[in-house]
Amino acid sequence: MKKKLIFIFLFPLIFFGQENFPINGVKQTAQATHAFINVNIYLNYNEKIEDATLIIKNDKILDVGKNIKIPAESIIHDLTNFTICPSFIDIFTDYGQSNEIKNEKTIGSWNEALNIEYNAVNNFYINNNEAKGFINSGFGLVNSLKRDGIIRGTSTLVSLTYEKPNTSIFLSKSALCMSFNKGSSPQSYPNSLMGSIALLRQAYYDLDWYENGSTGHDNSLEAFSQNKNLPKIFEVSDYQSIFRANEIGEEFDDNYIIKTSGDEYQRIKELKNINRKLIVPLNFPNIDLPNDPYENLETSVKQLKHWESAPFNASILSENNIQIAFTTFGQSPTDFFNNLKTAISCGLSQKSALKALTYNPAKFLKVYNQVGSIAKGKKANFIIFSGDLFSKDFLIYENWINGKKHEINNKNIVKLLGNHSLFVDEKEIGDIQFNLANKKLVGKFSGDSLEKRFLTNIELVGDRISFSQKNNLYSGIFESDIFGEMRDSLSDWRNWRLVKNNRKTQSVKSPGIKQKDSVEILFPNMAYGLKEQPKRESLLFKNATVWTNESRGIIQNCDVAIERGKIIAVGKKIKKSIFRNSKDVRVIDASGKHITSGIIDEHSHIAISKGVNEGTQAITSEVRIGDVINANDINIYRQLAGGVTVAQLLHGSANPIGGQSAIIKLRWGQSAEKLKFLKSKPFIKFALGENVKQSNWGGRHKTRFPQTRMGVEQIMYDAFSRAKEYEYNIKNYKKNKTLKPRKDLELDALVEILNKKRFITCHSYVQSEINMLINLAEAFDFKVNTFTHVLEGYKVADKLKKHGASASTFSDWWAYKYEVNDAIPHNASILNKMGVNTAINSDDAEMGRRLNQEAAKMVKYGNTSQEDAWKMITLNPAKMLQIDKYVGSLRKNKDADIVVWSDNPLSIYSIVEATYVDGRCYFSVPKDKEHRTYIREERNRILNKLMNKN
Amino acid sequence: MLKLIFFITFSYSIFSQEKIIEDTDRYILVGGFAHIGNGEVIENSTIIIEGEKIVAIGPSDLVIVNKERGKTYDLSGKHIYPSFILPNTTLGLVEIDAVRATRDERETGDLNPNVRSQIAYNTESIVSSTVRTNGILIVQITPRGGLISGTSSLMKLDGWNWEDATYLKDDGIHLNWPELHDFHYHGHSHVFTASDNSVENEEKEDVLKSLSILSSLFNEAKKYSKIKNKHIDLRLQSLQDLFNGNKTLYIHVNGANGIKESVLFAKKNNVKKIVLVGASESWRVTDFISSNNIPVILGRLHSLPNYTEDDIDQPYKTPKILQESGILFCLDYSGDMPRMGSRNLPFLAGTAAAYGLNKEEALQLITLNTAKILGIDNRTGSLETGKEANLFISTGDALDMISHNVEMLFLMGKKVSLDNHQTKLYKKFSDKFDIK
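First to last, the sequence lines map onto chains A and B.
Just so you know, our numbering puts 633 at position 633 of the first sequence, and the rest follows in order with no gaps.
Just so you know, our numbering puts 323 at position 323 of the second sequence, and the rest follows in order with no gaps.
Simulated from the structure, these hints should not be mistaken for lab results.
A hint or two may mislead.
Stated by the list, open to error - Here are the computed lysine-lysine pairs in the DSBU-like style, where the Cα-Cα straight-line distance is at most 35 Å:
#  : chain 1 : residue 1 : chain 2 : residue 2
1  : A       : K500      : A       : K48
2  : B       : K427      : A       : K802
3  : B       : K432      : A       : K801
4  : B       : K428      : A       : K783
5  : B       : K78       : A       : K833
6  : B       : K359      : B       : K53
7  : B       : K209      : A       : K302
8  : B       : K71       : B       : K427
9  : A       : K542      : B       : K359
10 : A       : K802      : B       : K424
Chain B with its partners taken away, still in its complex shape:
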């Protein structure tokens, strides 16, 4: 066991801080096809980065550039995208699913609103670095398990330590709404001992019990501030920010009834900011969601339909339905293989484009919409003057596997390395076998 720990820490130490140190804090990107992230494009753009920010962006013939200071890149034929944002992930909390010692995402117990992901975030995760290479730079690190799994924080996929990597501390609390029907992803099943894998339904009693636990908790939490001379209750204390709007309540729920129940529950309990997460059946209750103005973090599009008789492309076309209903929504990559697979986030947007959205609308689902829902759109999410220079250069269309290829990556104005554990092994063995 000691050996194992040694090996892991050893191998990580190679990949600490990945910022490339250059003797400039000013970059001029000329001629690239800029996908702004708000639905617009600039076919021949010029972008100026100074310090952490984009200080200018526009069509090349309109932006006046002083090229004397800083580094200029000619990007004609290339594409520029705002960096992708991945909500609802456990990157940096878990390294290897099967190795228990590397799992830090799930605390025991039902009610852990006070448990915080920020301080467990592993900046040296070798998985994170492979995700970064595909253009994802900001992530919402989210605890799992129980009825209330804990408090998430927004982190950068680069940093010396968790403090350094923090993008927005304690952005929200995550509630797993109890549902009768288990909508969990049931595609991949490597069962060693089993019969038919049918969808398992929760017992109605257990669901009612869970609802009653939640209801009591929120009742207590609402009165907590009024108690004089109180003993400290970390759980109730952490919930206070839901009532004043400092934290968002992220409700993880999939079924149509669950969506309605949980939103009404949160509203009744004076929760100011509510976001639905998962919401695979949201397309059935779009009127309810849009009339209540609830944003949605839509669960992984690359999933099987929930029911046999659902349209076989239902998960793929749900974005189109939500878009037409005027719901603010974005995409996550939770489910099976959630961390290692999350580098495929852009291809989920690609699928949304294949099934009805235009490509720029689809791009919004992993950039500006996500930033809006996570409350960071004033800082990032699109290529706009005054926002942070979180962006990357791709050889081609970044939503399609055959053309997505990140050539350069900027996080808050600094270039970030594209190397990772895998690219290094690739190089090592390509060299061994002398192949290109």
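Chain A extracted, bound-state conformation:
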């Protein structure tokens, strides 16, 4: 007897797999077979069958379909009026990850933001409260990750349960997680977005180096190596960073799944092109509108437009066939589903919504073979609900996870929903209408004798119901009908019964109806954004005063012709016939106007996202401004209105060797990538003097080398020496049979300088340091392309000339630091007269829109001719940026970057009337007027909408 018993129990144990926990009491097993019949089933997001059967055994689906055989041992669930769909999956949560657990840095990466060896599974715990929120909302699986660091280690995919964590781990390492946010790392590097990008790229190269036999043990790189083939989840904070992450993915052949912030509708075309999987939140922005109209000026058109447009994000993404998975991250699951309803009313189909909660997340994490749909052999993860999916009436009753039932609502609610006749003592006394309001059951009584009343205290316990209506107390049970006893206000006991009315009652407004309004998206989606890119025009400007910047000088009564983005002729009496297509030519009378080529700002810090300086280390040549261009900076538009068409975006001056520059054309409304001046050559920022030796950073900054100009020379000398050595090793490691050198992004940039493939723009002030760098460069046989600021350049103008460096300076700034005490406003004039290629720059978003006035000061200080002064902000900077082949003067075949001025462009009274980049009119006075009207109207419209909503 004893033996037999043991045998019986042992057999299924082997079948189920063993556990190593002691059991309290008698072992319970879940080995039942359940059959769910007469039910509508979403087999997957795309396929729905009516009146079907689902059979599960243990944690698996045994069968599903119509007319299938039900095993005899099945427990039958009749689900007439119910629907089944796969349980939802959220692959971006921090469920069960404690913030208190600090990352323990092991022998690994030098940088704590590279927390690659972290495994979320190691610290996972079950948080009953959070689990309940997910389970009650229909989730079966969530992916748990720790949002800390640039590489955050692996996430773990868990089944939702209130039991032991051991049983809940579905996939111990589900993805490798990344971001641009260094998180809790106490180290200073990186302190800019471009620094984060550089650090991440270097980590990939280090992985390659590690895998190819680097000596030494490194837990971080070991983990990276082990986990590199996992799916990768990359969290970004705005849509521009989607493209930044994608660039890295392309470089290292990684197809990131990108967790977005919900604003990605703003660049949908480009997003469609990169075709990445996205994890999308639905936490729409809230705006607390102050009552005071002056205070609410702080609520920008950008915020207002995003407030209005954000609910359309998901539908826009899915219309463009972008694969998305939803995440509840950042809000409660309940709020998530409320917002999902809104998203559906904004055009998202139920099908797409279900796909984003089942199929896509399962596919993204490569677990669709087990979850994400209802099919034979898959996990028994599904929910039982009534009403239309995600509609107002959508109510979940049970969530089955791994074959285990979680009851959420009483299934008898379904029997109540709708209209019933209420009989008391077999006499019909009125109707009761039961509805769902915010997932709560409400009942409304209407009868002849009594006024309309809502039922109160509706309570369902199992198959029992009680409620009160006026002063009458009802108690009843569910069978085929619903009936029971009631005690009326006179304390009399009577019988009652509800009989369902089949007639359709008042037609409830069906949710899922598309809202009438759609949203208008601007590029960028803010004040002065464009509805579309301006057309490339064929234009013939007649009779202007034309500042050619060529040997022809300034020509009166001159014409300028542009076509297909290029200048096709400059001269007197140009005929329309010179255009390839003379029909489309628009002739503009420009008499009294001045026409020039566009202004080029050689030194600008506009349009840069999250940090102009990676000011943490003395050498940061690995960082690239090109990675962090912010196409949404209003200063792009404002500077167009000042006649600027090209700008060099420079790293700041916090360190001797700063970051790589980006040269952009001010193509307002384009994406960051399309702002880049693609034909330009690579540049890099260097800096000397007080900033790099941290003279004015405050008392705490006294330890970073260098603290003197003496140290600056040495750190540069050392850097270039190392770069030479590095280059030698790369070229000769095979011959010398040594290990392949680690690719070093920092030294790569310096090697480019040594090989005259990258060019230096060096922030400098006093003559000693200028002289020093000239000497240093000559010792390494390269040329300093440009000294910028170069306020004492006039003292060493002869040396600059001899070295062949250009000078880019302010017109009249000085006295803000000790090192600018000998700065003089005549600097540019002297340099120019000495034959140094000289430019005036802004270094300032405000001054950037008045560079014509700054150049004009050279006429005042040092008697530079007007023509030469004008070249200081056009042709000369074009030369120093090595783009003078394309821009900088008005000559046939150069880019049609031109500006129309009301007056002599050097005069304070001159106003820009139109600015063209590549023959497209990005700014004009009439267009600007239209913007202003639009902004006022749009602001008003959305404010009113917002106020009505609140």
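We have chain A; now place chain B onto it with these hints.
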């Protein structure tokens, strides 16, 4: 450190007193295009300077001149302007921003009405001399910081010592009105460690606390004169002149609400003379300002708009709006690079002219209007008989960079040198390289 101090004082000593000593106190300026400063012009003018004053000015064919005594200049083709007046500046209080030892503009603490700029004014400032060269001769030296930063004085940009350089002692007290929105200039940002530079807003609590501090101070100040046998309180004592009109209360404020609140606050506290300073949002509340008759020192026009959706030329065209509303206003150059940049004051007026004012109206914003607002229009601010001979000769239109070029400068009837630290370096190195 000692070395540093030595170097600075040494280099300054070269540029002490810049008046040119000539053996006359009478100048006759003939044939110049005179911009009077009150909106009028005399195309062919004759001006006679005697002692400190203009004793005659008019069209050349109407002014009877005795050319025997004094020095005559033929100024045909040249322009004559009243010297510019720069309000709300820290010239002479700070020499080099980054060198703490050279900064004397900001006392510690919230309430310093009694702190006086006059006695800290450095007549040897090498920055001031470059400002003077562009035609600015009278400046309002204004302390910074706290809720009440101190008492300003009007100074001449030339003098042996601060007493000598004083033009009007202790003209007003400067109040920095606490505002929720930080309207500070955010164009130039050389941050070494930072993320996005968004506009920072003050906490509402801090603003309310500051308002309550101000309110208590003024309540005490109003009763101060009534206290018998009192201990001396320098702060309260210095505020008394606000109630009798001997000093002006300059309220530094930008936002529309702040402008209204602060003016009502000052009026409620019996302040007799009120001037708004900064006031970048003044164009939104012109009715309030004009109906209360409050003059405005408008902050630097060459600024970015306060809000992204503002008209991109809003700061440039604000003067036109204020002018049309009949508000008395003038221009300052506070903000980033405030001292070294202030020599560009005339070009702010030029911008006002480019955006709607006529050139003579624009000129008033840096001459007569400023004099009126600072209470010195009986002495200076325009080229009128009986006023001080504070004026300069320019080669061309002084509001435009390409033509502004000061050839001669008179301060209270005396010619002042146009040389400065920078012109000397320019000459030195032009000579070295033999360039013209």
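Here's how the hints hold up against the structure:
A distance of roughly 27 Å separates the Cα atoms of A:K500 and A:K48; the hinted pair therefore holds under the 35 Å criterion. A hinted pair counts as satisfied when its Cα atoms are at most 35 Å apart, and B:K427 with A:K802 qualifies at roughly 22 Å. Between B:K432 and A:K801 the CA atoms are separated by roughly 15 Å; this keeps the pair inside 35 Å, and the hint holds. At most 35 Å may separate the alpha-carbon atoms for a hinted pair to count; B:K428 and A:K783 meet this at roughly 28 Å.
Our distance criterion of 35 Å between C-alpha atoms is met by B:K78 and A:K833, whose separation comes to about 27 Å. For the proposed pair B:K359 and B:K53, the alpha carbon gap of about 26 Å is at most 35 Å, so the pair holds. A hinted pair counts as satisfied when its Cα atoms are at most 35 Å apart, and B:K209 with A:K302 qualifies at roughly 32 Å. With a C-alpha separation of about 28 Å, the suggested pairing of B:K71 with B:K427 holds against the 35 Å cut-off.
This hinted pair checks out: A:K542 and B:K359 have alpha carbons roughly 30 Å apart, not beyond 35 Å. Pair hint A:K802 plus B:K424 holds up; C-alpha atoms about 25 Å apart against a cutoff of 35 Å.
The structure is consistent with each of the numbered hints, conforming to all of them.
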